[in-house]
Each structure stands twice: as structure tokens, then as C-alpha cells.
Amino acid sequence: MSAPPLQIGDNLKPYSRDWLLSEQPTSRHQARLGRAYVIWRRFSANRLALAGLGIIVLLVLVAIFADVLAPHNPVQGDLMNARLLAPGTSGYLLGTDDQGRDILSRLIHGSRLTLFVVVLVAIIAAPVGLIIGTVSGYAGGWVDAVLMRITDIFLAFPKLVLALALVAALGPGIENAVLAIAVTSWPPYARIARAETMTFRNSEFISAVKLMGASPFRIVFRHVMPLCLSSLIVRVTLDMAGIILTAAGLGFLGLGAQPPLPEWGAMIASGRRFILDQWWVAAMPGAAILIVSLGFNLLGDGLRDALDPKEAGQ
Amino acid sequence: MLHSLRHSVRVLSTGVALSIMLVAAPQAFAATPADTLVEGFAIDDIITIDPGEAFELSTAEVTANSYSKLVMLDPADTSKVVGDLAASWTVSDDGMTYTFKLKPDLKFASGGPLTAEDVAFSFERAVKLDKSPAFLITQFGITGDNVTEKAKASAPDTFTFTVDKPYAPSFVLNVLTATVASVVEKAVVMQHAKAMTPSDDYKYDTDFGNEWMKTGFAGSGPYKVLAWRANEAVIMEANPNYYGEAPKLKRVIYRHMKESSGQRLALENGDIDVARNLEPGDVDAVSKKEGLSVTSAPKGTVYYFSLNQKNENLAKPEVIEAFKYLVDYDAIGATLIKGIGEIHQTFLPKGQLGALSDNPYKLDVAKAKELLEKAGLKDGFTVSMDVRNTQPVTGIAESVQQTLAQAGIKLEIIPGDGKQTLTKYRARTHDIYIGQWGSDYFDPNSNAETFTVNPDNSDEGKNKTLAWRNAWDVPKELSDAGKGALLEKDAAKRVAIYEDLQKKVLAQSPFVIVFQQTEVAGYSSKLKDYKLGPSFDTNFVYPVSKE
Numbered sequence: 001m002s003a004p005p006l007q008i009g010d011n012l013k014p015y016s017r018d019w020l021l022s023e024q025p026t027s028r029h030q031a032r033l034g035r036a037y038v039i040w041r042r043f044s045a046n047r048l049a050l051a052g053l054g055i056i057v058l059l060v061l062v063a064i065f066a067d068v069l070a071p072h073n074p075v076q077g078d079l080m081n082a083r084l085l086a087p088g089t090s091g092y093l094l095g096t097d098d099q100g101r102d103i104l105s106r107l108i109h110g111s112r113l114t115l116f117v118v119v120l121v122a123i124i125a126a127p128v129g130l131i132i133g134t135v136s137g138y139a140g141g142w143v144d145a146v147l148m149r150i151t152d153i154f155l156a157f158p159k160l161v162l163a164l165a166l167v168a169a170l171g172p173g174i175e176n177a178v179l180a181i182a183v184t185s186w187p188p189y190a191r192i193a194r195a196e197t198m199t200f201r202n203s204e205f206i207s208a209v210k211l212m213g214a215s216p217f218r219i220v221f222r223h224v225m226p227l228c229l230s231s232l233i234v235r236v237t238l239d240m241a242g243i244i245l246t247a248a249g250l251g252f253l254g255l256g257a258q259p260p261l262p263e264w265g266a267m268i269a270s271g272r273r274f275i276l277d278q279w280w281v282a283a284m285p286g287a288a289i290l291i292v293s294l295g296f297n298l299l300g301d302g303l304r305d306a307l308d309p310k311e312a313g314q
Numbered sequence: 001m002l003h004s005l006r007h008s009v010r011v012l013s014t015g016v017a018l019s020i021m022l023v024a025a026p027q028a029f030a031a032t033p034a035d036t037l038v039e040g041f042a043i044d045d046i047i048t049i050d051p052g053e054a055f056e057l058s059t060a061e062v063t064a065n066s067y068s069k070l071v072m073l074d075p076a077d078t079s080k081v082v083g084d085l086a087a088s089w090t091v092s093d094d095g096m097t098y099t100f101k102l103k104p105d106l107k108f109a110s111g112g113p114l115t116a117e118d119v120a121f122s123f124e125r126a127v128k129l130d131k132s133p134a135f136l137i138t139q140f141g142i143t144g145d146n147v148t149e150k151a152k153a154s155a156p157d158t159f160t161f162t163v164d165k166p167y168a169p170s171f172v173l174n175v176l177t178a179t180v181a182s183v184v185e186k187a188v189v190m191q192h193a194k195a196m197t198p199s200d201d202y203k204y205d206t207d208f209g210n211e212w213m214k215t216g217f218a219g220s221g222p223y224k225v226l227a228w229r230a231n232e233a234v235i236m237e238a239n240p241n242y243y244g245e246a247p248k249l250k251r252v253i254y255r256h257m258k259e260s261s262g263q264r265l266a267l268e269n270g271d272i273d274v275a276r277n278l279e280p281g282d283v284d285a286v287s288k289k290e291g292l293s294v295t296s297a298p299k300g301t302v303y304y305f306s307l308n309q310k311n312e313n314l315a316k317p318e319v320i321e322a323f324k325y326l327v328d329y330d331a332i333g334a335t336l337i338k339g340i341g342e343i344h345q346t347f348l349p350k351g352q353l354g355a356l357s358d359n360p361y362k363l364d365v366a367k368a369k370e371l372l373e374k375a376g377l378k379d380g381f382t383v384s385m386d387v388r389n390t391q392p393v394t395g396i397a398e399s400v401q402q403t404l405a406q407a408g409i410k411l412e413i414i415p416g417d418g419k420q421t422l423t424k425y426r427a428r429t430h431d432i433y434i435g436q437w438g439s440d441y442f443d444p445n446s447n448a449e450t451f452t453v454n455p456d457n458s459d460e461g462k463n464k465t466l467a468w469r470n471a472w473d474v475p476k477e478l479s480d481a482g483k484g485a486l487l488e489k490d491a492a493k494r495v496a497i498y499e500d501l502q503k504k505v506l507a508q509s510p511f512v513i514v515f516q517q518t519e520v521a522g523y524s525s526k527l528k529d530y531k532l533g534p535s536f537d538t539n540f541v542y543p544v545s546k547e
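Chains as they are written, first to last, in my numbering: chain D, 1 to 314; chain R, 1 to 547.
Since the hints were made in silico from the structure, they are not lab data. Hints may contain errors.
[What the hints assert, rightly or not] Taking lysine-lysine and the BS3-like style, the derived pairs with C-alpha atoms no more than 30 Å apart in a straight line are:
1) LYS214(R) <-> LYS504(R)
2) LYS464(R) <-> LYS350(R)
3) LYS165(R) <-> LYS316(R)
4) LYS419(R) <-> LYS159(D)
5) LYS159(D) <-> LYS258(R)
6) LYS546(R) <-> LYS503(R)
As the structure is a computational prediction, the values presented were derived from the model and not from experiment.
Whole structure, please, built from the sequences with the hints as guidance.
Given below as C-alpha cells:
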């Protein structure tokens, strides 16, 4: 009766640090939370990654509360009285553009477009890449050959050039830009998923599932895909900076968002006419793109370190 | 991670070091060759350099410097016409037959002789090809069937031209200064002619060299065109066989440059001698810079946007009027077009006979909303505008987009290059088109005709005026007023007719005219005698020399 309590899972206070780090979790729930906690600890030890996360959280908040935060209307300017004002002029923190619109308000509203593009591309491209990659990796044979040759074809073109061609064919507009970027960005995901799948394909747990009579469909979707997810998430996060740049590039060339939408790339394009005398018109959206791309890159870097299965085993 | 970080730091520092070296290095000063004039010019609207087909502003400058016409505007006083190929001319007593006597020993750039036969052929070709500018000649009652009779060589050095009505002679001569009356070399053109299968649309078995002439050259002007490469360059070389005063510079190159800031940088660095599409901010900067100068000339060109009457919303008279109240003329005049134009709302540019310069419309959103409500469009509607992606039209389109939004009209801007937007406009498949109109010749009839004449409003209409392009079924009294003015010999009465016509067109037409252009060019002070003319086909480069 007076023996000290044993340090096993069911005696610990739920959700405490020890409970999360317990070597003998008593439920799946506890095991999952424990693993997430470990990942978070590893992630949060990386200051730069935290800074990246902070930038992205800030971006999301700005996008959500754009209507409250923006001091002016992003599409209605005051051409007569407020054209090309320098940053800091009363009421216009970051200055105004050639139509007399407040640049800060346009950047704030533009964050929505940026998120819209990034999220949509990720939602479209990542699952497509994942499915193609895992199916081709697991099936092997001619399925693999056909799918990988298609991937090769897409990889053979420079991303931006292919996106340009697609938008030119589909017509300019932000939806078409999203589609074009998505079409050009799935092949690397397929490659990664395939490589991961090949490493699991002949492992014992897959053989065990097979012996239990699971269909190939079930094996791919329930057992292979979840294992490919972490590397895919890292890759997608790292790619987001590239997606933002491609979207901005299309906007810059007049093929992305159309006026008066405050898309950052299009804002740079309209500001480059004044770059010699009114530098801020192009520089402000440029800085916004820089910061957000940096945020995604830092976040992706941190995630890669945190999710790396080799380190997880230590 | 650490390794990759160190690597990127290394790359970054190398990059920084390199860029510091670049900035610190003394700037190499580029210069254009001493015998060559290089102009930075947005030439994306050139779709052909065949004078029988070309109807674009940039092309007018190229053809004006490379082809000759019977008569030309006196560069010193544009209200007068002087002989170019023609030494003299007479008008018959009934005012219908014009006889031109050519100068002796005229030659084409190729060295071949230029005779009245070539002049007659050029007229026949333009009329039979029946391209956009053909109406300039066919308006004199000339058709493919009678052109060989009405425009013929009565002797090797005599050309006679017969019109169908006793027009004012100055009107006929003014029209003959247009690009379409340029003389092409028959032998060269026909050598490159392609056989055609006659059809209902095109009755002749040859294309009169039209396909070859799109990029080819068969003229006799001070310069010969060596090459035109779309969206790249036009290259011209001095014509050794030119009958007039020889051009001072050996070569002229128009480099396609779209951006004003790019042109300004190139001009400042000495990469080009003339920058042709400077925007207000850059004009200011260039005029203040040592070694550079600015010249300007008011042009017979108005910038407008027009509402295609095939769109049922845009066809409502109240909507048309509402659009005229939904342009912030004052702000546009004070900012976007400062130095390159003046607000102007009537269809005759200032400087032409009878031009009115009152601008009755102002931005008035409340009034426009009232009108839209009357039209049953209280909640507004969505409409698209085709915009050539150059300034100032893009800026104006965006400004109009904002003011329209205040009245609930959602404007979608469809950007394109000059070729795309023009092709769509000419096919009448646009909703709203924004662009410019330059008079074809210095006579009020040029604009009166294009804005108020549309005899056949079907898609097959042959007279492709601006009224036709926007499917505006012009009220008969308006078309007739313009035609009456044409035969009116009393100048004061003619002015009165045009003034009344402008007021009516201003009120009723689907054209929202915003401003009249002042063309500005920034040029290196090394150039001598660089001047802009009063129209696009009088921007001559042959008097220019270089120090």
C-alpha cells in the first residue's frame, strides 16, 4: 500500500508533460498527442521556424480581418488629390499608387489573393501528386512506366513557361493562373510519393496487411499514403514560396489577377513605370512578397527538421 | 541544415559583393552610331506596312518616310497642300476632274522609273484590295469596276483623277495626302503577286502583292524599309535614288520599346536618340536632364472609349449618357495625361476647321445613377473593356473602372496588345473599346465621316467607320449634315454645320471622347532639326541630322 506509484501511463495526469512523453501510451489518442508534442518541441526549438510560423499566422490573420484593418478602400482611389504620395504622408502609411489608392490597404487585401492562390494550388496539386505517386510506386510495371513518363513530360518544361502557355490558352485571370500553377506543380510531389512508396512496398507490415486480404486500393490509401504525408507536407510548404512567386510573376506579366484586384505581382507591374521617381509603388508589394515567401521557406525548413523520420527515431 | 545555411550565406555575400562592384564600376556610356537615328517607339500596333492596307498610327510614320504621294501637306503650313511627286495640277471647270503633271525623272528606290502608270496602278490596287483605308478613295464614287477609268495615266507623266461630285478642291487634295494614296512600284509588286481564286468577297485573281507587301517594300520615299519585325524593330535606310533632298542620316531604326521608363533609361544611357512614348512623370524628368530635350506637337488625335451597340445594355440611350457622366475628366486631365494631352469631348480635334472646344460633361455619379435607374438598370451591370496594355489608356481604363463602380457598373478590363484589341474591335466583338483616333487627313470631314457615317450596319458593311465598328445606327439627319458640309463652298456655313453636328454627336453617340493628344518626344541634344509634325504621317525623320 505504501509503495510509490509506478511511472506507467494510466497513473499519470492526462495531458501533462509526462503523460505526453510517456513511453507506454495506453491509448491511440495518447500516442498521437505524444508524437505531435515531440514534433512541436523539436519545431519550436528552431527560432527561425517559429519566426516563419509567426509570419504565416500573421498573414492569415491579416487576410481574415482585411476589412477591419485596411484604412482605405483598396480599389477606389482619389486620383485628383492623392496620386503617388510618398510613404508616411498623412493617412497613407505606405504611400499611394498612380490611381491614388492607398498601398497599405491594397497590400492588406492582396494577402487574401495570395492565400487564395497558395491554398488552392496546394489543395489541387498535392493530392494529385500523392495519388499518382503512390499508385505508380505501389503498382509498378506498366502503370508505373506510363504515369512516370507523363510526369517526365511535365518536368521537362520550365514551370513558369508551361504556366505561361496554359494561361495564354485559357485566358488571363486569377482562377486560370491557379489552375496553371497547379498543373505545373504536381509532378515533383508524385516523384517524392513514388520514392517513399517504393521503400515501404516490400516491408513486412505491408505483407502482413496483404495476408489479411486487404485490397491494393486499401493498402495504398490506408497504409502507404499516410506514411508519405510528412515528406509531402514539407515539400508543399517549401514550394509555397515558389507558388507565390509564380503567381506574382503571372500577375506581373498581366496574365494573373486583373485590375483592379490588388494582386501583389500586378501591383509591382503597375509600379515599375514609376520606379525611377516613386520607388515605393513597386517596392512595397515587392517587400510583401519577399516577407511572405521567406515566411513559408522558414516554416518549411523547420517542418522538415521536425518531421524527419530519421531524427524521430533517436 | 547548418551546412546549407553556410552555403546560402556564402552565395548571398558573393552576390552582394558582385552587385557592389557593378554599382561602383564607372558606367560605360553607350552611343548610337553617328549615321543612324535610333528611336524607342511602341510599334506593337503595326500589323502590315502595305500602304494600301495600313491604317495604324505607327505605320503612318513608317510609310510617310518611305513612300511618296502625289501631294503632301506643306510642313510649314498644314492648311496648304504642296506637290510631292506632282509638279503641278489643274482642276476642270466642273470641279470633277483633277489632272496631275509629274515631276521629271522620278525613280523608285529600286532604281526603276516612276511613271503615271504606277500612280494609276496604286489607286487601282488600293480600291480593289478594299482594305480598311480604301474608303478614302472610294468615297469619291470610285469602285473596283470603274477605277481604271476614273484614275488613269493619260500620258507617261500625266495622271487624271475623276470624282463623282464637285467637292471642294481642298478636300480632295487633303484626302490624297493620306497614306493610302502612296505610290507603289507596279513591276515589283506584281512580281510578288499571289494568284487568288475569285469569290463573292474578292473578285480578282491576284492579291496585288498584298501578302508580300505586308513586310515588303516598293516605294520611292526618302528612306527605304529594309525590314519590319513585329514587336521588334523597323529598319530604314536612306534611298539613294530619292528625287528630293537627300536624307541626312544613313539609317533610321525604330526599336520596339513599350515602357516609358525603359525608353527614358535607354535615352539617358544613350542607347536610343529619341524616346517616343514618354509618360508625364518621365517627360518632366527628361526635360530637366542636361543633354536631353523635349519637343511636343498637338495632334489631330482624340482618345475615346466607345460602347458597342450590339450589347443591349450599352445600346440604351440613358446608359450612353450615364457613361459620359462617369468619367473623372478633371482628375484625368490633371494627372494621367498631364503634358501629353488636354481634356476634349467633341469629335473634332482643336485646330481643325469648326472644332468646338466646350466640354460640358463632368463627373456626376448621382446624375448617372438617375439615368441608369431610368434605363431599368438600377443595380448596375457587368461589361468588359478591351484595353491595349500601354499607357495612358490602361491608366484611364482603371480610372473609369473606379468611377463606373461608384454607379454600380462592374467593368472587367481585358488587356491585350495593340494587334489583339484592334482585331477584336474591327470584328465588332468587343463590349467597350478604348483607343485613339487620328484624323486621316487635315479636314473636318475625316472625323465627321468616321464618327457619323454608317450606311450599312450589318456585319458585312463595307464602310468600316468607327460608327460601324460600334454598330451605331447613325440617325439619318446626322449623316446627312456631314455630307452636306462636304459640298458647302461657303466656309462660314460649313463651320456652322460642323458645330451643330458636334453638339448632337456629343449628346447622342456611343463615343465617350476623353482627351486630345499632345505628342511628346524626348531626344538627345545631339540631334538637329528633330521635330514632330501635326499628324502621324507628318513625323518626318529625313531632315534630322546628328552632331
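Now the hints, each set against the structure:
Proximity of LYS214(R) to LYS504(R) is assessed by CA-CA distance (about 39 Å); at most 30 Å being required, the pair is judged violated. Taking the CA atoms of LYS464(R) and LYS350(R), the gap is near 25 Å; set against the 30 Å cutoff, the hint holds. Note on LYS165(R) and LYS316(R): the hinted pairing is violated, with a Cα-Cα distance of about 37 Å set against a maximum of 30 Å. Pair hint LYS419(R) plus LYS159(D) holds up; C-alpha atoms about 28 Å apart against a cutoff of 30 Å.
As the CA atoms of LYS159(D) and LYS258(R) are separated by approximately 26 Å, the hinted pair is consistent with the 30 Å bound. Of the supplied pair hints, the one linking LYS546(R) and LYS503(R) is violated, its CA atoms being roughly 47 Å apart against a limit of 30 Å.
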